[in-house]
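With the hints in hand, could you dock these two chains into one complex?
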Amino acid sequence: MVSRAQISPVGAHYGLGDWLSQRVTAIVMIVYTVLFLGIVLWHGGLDYAAWKALFSGNAFRIATFVLMVALLWHAWVGVRNILMDYAKPMSLRLALQIAVICLLVAYGGWSVQVLWGGP
Amino acid sequence: MAAADRPVARPRPVYLNLIAIRLPLPAVVSILHRITGALLFLVGIPLLLWFIQRSLASPDAFEAAMRPLKTPLGKLVLFGLTWGYLFHLLAGLRHLALDLHVGIQLAPARSSAAVLLVLSVVLAVAIAVRLW
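Protein chains in written order, with my numbering: chain A, 1367 to 1485; chain B, 2 to 133.
Rather than coming from a laboratory, the hints here were simulated on the basis of the structure.
Virtual Cβ for every residue (Gly too), placed ideally from N, Cα, C.
Some hints could be false.
What the hints assert, rightly or not - Between beta-carbon pairs, the in silico distance windows are: (1) A:L1407 / B:P60: 21 to 27 Å; (2) A:K1454 / B:L48: 27 to 33 Å; (3) A:M1456 / B:K71: 43 to 49 Å.
So here's chain B without its partners, still in its complex pose (with noise of 0.2 Å):
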């Protein structure tokens, strides 16, 4: 192919309107995979070891790191990093479906992906009802 007959690269149109955009499921999936990953890391790894620190240092202090466990905004906490560990652990699975070949095509992938998002809420929901 001669030099002229190329297709010349125009500019491509760019279009990252956040409010309008409409991400397909799996993307949803994607997206929040990591923002469960980087919240998990700011926020689960210390609050459970210094759950766990306190916890461990006497009766009384293992009955005082509960208390806030019992608050509105301690279940709310402890609601939201289930559901966040949760949810990273199944997207992990699902991840590790599709490098293995496992549900690749669009319709399984889309699929799997409204599972997740229904799963991880009820399996949340429920350890929430467990526990209270």
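Here chain A stands alone, though its shape is the one from the complex (with noise of 0.2 Å):
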């Protein structure tokens, strides 16, 4: 049996993970930008009514829900990445990624407020 040691000594082995997810969110944004587009075109422009009847549908409030996990899910790859290559010191890392992780986290639940929490 080869263990993960033998494969590669060093590394927290979640890169090809990361690179993986990383395009797949992009592509999931990608195909979200250009429906939304499409919507908005469509109506050649949006007024009130439009905008409100638009985030009043179940099925665009659940597409625009999973670009938001999407979106968090990337960013949180990418600045993790910028992280690691500018914030050298172990404990400023820390901190920053848990700072990243907390504003995360607080976007996901504004996004649901957003989406489900109107009137």
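Following this line, the structure appears as structure tokens:
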């Protein structure tokens, strides 16, 4: 049996998963962007009534929720890569990563509130 | 090879004068991809959520949320975020192409980087002109 240490003695082994998830989440966001622009152009711009109606549709809400999950996941992988390159002291990097995670969770909660918390 | 014949690791020259360093175009695209990504995370997401939340509250709130977008500062921020989003998206598509070994040689990688920089600005200006 080949242990992980024999394949590679270093690293935390999440690189390939990050690489793939960064691309998959990017494609999800591109699809959403194209659909959203299509809807807006189809309406020829959105006034309040059309805007409100769009965000009242369950399919659109769920699609937007999927977008937000992809976006926050994508942001986490990207920002952590930046921190790994520039925030060298372990304590500083850990503090910044915790701050980023808190911000991501806050964005997520806020998104749910925007999508389902309306009157 | 005997140990004595092996090339000895010598200290490598380090040249990181940020003023004098001249980045090749693909490197400019790479660092801008990071900078736009960080800005979209720190500024883009909260502004977008704030705008959507306010604009959905009522017809009056919709008008009120639109109003800052008509000020010079609002237009500048919107233009910056639009360009940042477009650039980040296009740089991501270029990245996907490179992953598939499309345009991976030096010459096409350089020209695609130049096209990307110009195209992102042209598209952002076109959207700005269309909006205003």
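Hints numbered earlier in the text: which of these fail when held up against the supplied structure?
Nothing - there is no hint that the structure violates, so all of them hold.
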